[in-house]
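Trainee: Residue numbers (this note's numbering), protein chains in the order written: chain A, 1 to 238; chain B, 1 to 406.
No false leads were slipped in.
Below, computed lysine to aspartate or glutamate pairings styled on EDC-like, alpha-carbon distance capped at 16 Å:
no. : chain 1 : residue 1 : chain 2 : residue 2
1   : B       : K80       : A       : E152
2   : A       : K121      : B       : D171
3   : A       : K228      : B       : E141
4   : A       : K148      : A       : D205
5   : B       : K168      : A       : E126
6   : A       : K159      : B       : E141
7   : B       : K170      : A       : E126
8   : A       : K159      : B       : D78
9   : A       : K220      : B       : E141
Don't read these hints as lab results, they were simulated from the structure.
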Amino acid sequence: MADEEDPLSQFDISKEETDKLVSEVIRFILFKFHQSSGTPIKREDLTQIVTKNYRQRNLATHVINEAKKKLSNVFGYDLKELQRARASSNGQSSRLPLSQSSVDSKSYVLVSELPLEVFRKHVVDETTSPMTGFTFVVLAIVQLAGGKIPEETLWHHLKRMGLHESDEHNPVFGNNKQTLETLVQQRYLQKEKVSGPEGNTLFYDLAERALDPQVSEKVKDYISQILKNDVAVVELDD
Amino acid sequence: MRKTVKRESEAPGGSGGKREADEEPERLRSVKKEKQRKAGAGFVRPDEPPPTQEEEQGISDRRILRSKYLSLQNEINDSKDDLMKIDSDKFSRIINEVENLHKQVRKPREQIADAEALLDIANTVMSSVKSQSAHGVSPAEFVNALVSGFGQGSLGIDTDETAQVSLKWKDLGFAVCSTVLVSCGCSTMLGPMDTELKQRKRAANRKRTKPGEGVRPDEVDDSQSEEKTDTDKNMAIMFTILGKKRRVRLENLVLNRRSFAQTVENLFALSFLAKDGRVEIIVDKSGSHFALPRNGPDAILVMSGEVIYNHFVFRLDFKDWKLMSEMVPLGQELMPHRETAVASSSCPAASADFTQDTQTTPIRKLSRNRGLVVQEETVVEEETVVEDTPDTNGDETRRRCKRKLT
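Here chain B stands alone, though its shape is the one from the complex:
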C-alpha cells in the first residue's frame, strides 16, 4: 500500500519535467510500470502481514541500505557529465541499482532516500537534455575541448588525483578577442592637468620642555557655599512673621497673590519649618488651618525617639491658588513678594527699580525684538513676573516643585 502511494506522488514530478526530452519519459515510464506491477503483486497478499520479515530488517540492515543509497547519489553526481553519452551504460546501471535497492526498502526513511535518488537522476538527465537541445554540445564537452586546445599540462604532483590543468589564458584571450568582449577605456592620466606634486612637510620637532616647577592654582575662596539658600531665607522671614503675629491663617501666610510660583515657595518654606518643629499647623472647628510658632524640639528628644516625623499631604495646584487668592482678602498676605532676577525676553529691557535679595548671575539673552541684550542687573517690570505664571510651562515646573513637599 505504501509503495503505490509513493510511486504515484513521484510520477507527476518525474514525467512532468521531461516533456522536452523524448527518450527520457519512456525510460522512466517503463521503470514506473515495473514498479506498479510489483506493487500490484504486493497488493495480492493483503491479509498476510509479514511481521517477522519486518522485524528482521534490523537497524544495521537499514543503515547499510541507506549508505548504499548515499553512494548511489554520489555516483549520480559524479557521472553527471557522461550520463547522456550514447555509448555509456551508466544510466542503465544506475537505474538498475536504484531498482535493486528499492526492493529492500521497508521503512519511510529509506523511502525518502529512494525518492531522492530518483529525483537526482531525473534532474541530472533533464539538465543535460536541456543543454543538448539548445546547442547540441554540453558544457562538459566544451570544457574538454578547451582543455585540449589550451591546456598547459599538470601542475599537481599527486598522481592519484586527476591531473591539475591550467589553461593558457593569455593565448585563449588572444584567440577569442573580440571587440564586444573587451571593455575599453582611456587609460590616460585621470585628473586635472595642473596638479602639482605636494611637497612633504618637514616633520617639526616639538620642543622638549624640562619639567620645571609645578603650577599652583589659586585656591578659590569657598565661603560662597556657606551662604544661605533661598529656602533658608524664606524660612527665616516666615518665622519672624509668625513670631510677630502669633496665630495666623495658613492661607494668609502662604499666598502670594501675584505669583503662583512664590506661593509654592512659601509653602515649601513652611513645610521645612514644620519639619523642624518650629511651626504648628492646626485645624479649628470651622475647618480653617492656622499656623502657630513654637520652639523646635531639643536634640536630646529627637535622639531618644520621643519626637518622630509624621507625614501629611498638602495638595496645592493652580486652581487651588486661584481659589486661595479669592478667599484671602486683599492686603492680608503676609509673606513679602520677592523680586526675582529672571526677565522675560518679550518685553523691552526697560530698567526699573530693582530689588535684589540674591546674587544675580549676569544673563545674556537674545531678545527677539532687538539685538543682543546684555543684562547684568536685574531688570524687572512689574507685569513680567505675573506673565510668568499663567503659561503652562510654569505650571509644570511648579508642579514638580510641589511634589517635593509630600
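Here chain A stands alone, though its shape is the one from the complex:
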C-alpha cells in the first residue's frame, strides 16, 4: 500500500517509528483533552512530540494526520482543527504577519462522531449535562445579541435564570464566574476589552470554536426548538 511505504521513502524512518510517534500523539491528545476539561490543544504541543527526536520537515503534519485517522477509526473522535482568527475590530492582529499567525495559532479539539441517539443514550451522563446546558444558553444569548455582548448584559440575562455573578456557592455550578471562565478557556467565548467614553467595558464575543458552522447551526436549531416549545406551551394554555 502506498501509505505504508510513504514514511520510509518520504522521511527515511521506519513504519514502527511512525507508529510509535502516532501513538504518542494520540495518547497525549486523549489525556490532555480530558485533563484540561475541554481546552483546545495547541498544535505546538503536538509537533513538539515529533520534533523532540526527529528533524524531518512535514513529519509532524504527517503524524498528526495519521493520528486523526486513527482517532476516528478506533475511538470515534473527530480531531477538529481550529484556527485562532483574532480578527478584532481594532485591527491589532494585523500586526502579525499572516504566515506567522496561521502557523502559531492552530489548536485541536475532540468531537464525538457518534450519531446523536447513541451518544445520548450511552455517553451522556448526568454530571456533565448541566455544563452542556450552560454552554448552550450562553452561546445562544451571545449569538442572539449579534455575536458580541457586554459583560453586564450577559450577567443580566443569567441572573434572570437564577445565576448571579457574585454567587460562589451555586448548588449546580459552584462558582458561577468560574464556570463562565471555563467557556472562555474552552474557546467558545473570548473576552475583549473595549475602551469607550465611559471607561473600559468587557465584551464577550464568540471565539473560533463557536464560530464553527457545525456548532452555530446546532445552537440555532436548539434555539428555534425552544422557542417553538414555548409558543406551543402558550398556545396550549390559551
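Fit chain B to the known structure of chain A by using the hints.
Mentor: Just chain B now, kept in the frame of chain A:
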C-alpha cells in the same frame, strides 16, 4: 445659542449609528427637528437676555432637574428589554420625558445629563435593533422561553422582588445535548500501570536525651592577636635603619625597586612613624626630602595639647615609583625586600629557598597547568613577585592602600 450648538454635535452621533434600523432615524430626526425649531424660536429674541429667569433657577431647582434625569436614565436601563416591543409605548414616553426635561435646562451640567439620557436611549435601541435584524429574536425573549420551558419555580421567599427562578440545568443539558457542545475525553486511569501504593512511613520517634552536663569547649589560646602586625614590624625595621644612618633621603628609604607594593608599604610605615613623632621629614634648599629620626613626644605633652597632629598629603602612584626607581641609584635602597607568601598560579610550583617573616596560612590553589596544587609553604620564585606589580589589578589595590596614608 448654546442649544443649537449642542444639538448639532449630538445629531451626527445619533443618526450615524442608526443606519441599520429604519424606524429609529425617523423618530430621532423628528425629535431633532422639533428641537431645532424651538432653538430657532429661541434665536428670535437675541437682545432680550432674561437674566432674572436664569437667576431664578436656583441650585435646588437644578438638583431636582438632575435627579429627574437620573431617574429617567434608570428607567431606560430597566426597560431595555421591552423598549422595542410593538405594543409598548415606553419609548414614546421616555422621549417625551426627555423633551420635557430638556425645556428646563439652562446650565451646562444639566445639558450633559440631557445628552447622556439621549445617548443611553439611542444605544439601547440600537443594540436591540442589531439583535433583531440578526435573528428576529432578542435574547430577552429567548431567556423568557427558557425560563418558561425549564424553570423550576421560585426559590426566594420575598414576594416584593421578582421571583427567583432556577433552571433545571440537567434537563436543559439533556435536551440540547449535541456532540459539538460536549467536550469528551477518556476518563480512564491517568498514569502508568505499574504504580504501587506508597506505604506510609512509620513515624520514628526521636530519642529523648536527658539534659546532661554541658559541653565545655576548650579555650583558644588568644595570644596570637598580640602578635605584631606587618606594619609594626616595618616600622621597627625602618626606625632601626634611621637610627643607624641618621639622615637619609626619603626616596632611598621608601623605595623598593622590585615591588611597587612594598614601596607603598614602606611609605605607609613611614607615615605611622611620622604620626608618632619618631621621624622628622624635612625639605632642604634643593627640594629633596630627608628623613631624620627623633624621639617621640612625651605623653604629657600630647595630653596638654602642645603637640598636635598636622596633615600633609604625599602622593605616590605607579609613575612616581618608576621615576623614583630611576632616580635612586642601584643598591641605595634601605628597606629590605620582604618575601611574601603569595605565589602566582601561572608559574610552576618550583620550591626555592624561602624566607618567612610571617606566619603563612596554607594555600590550596588550583593550578591551571597541573592538577590541584597544595602549597603549604611559601613558594616563591624571584620573578613572580615582580610580575605581580605591572598588572592593572595590582595598581588598583595599591592605590587603595595609598589613600589610607592621606
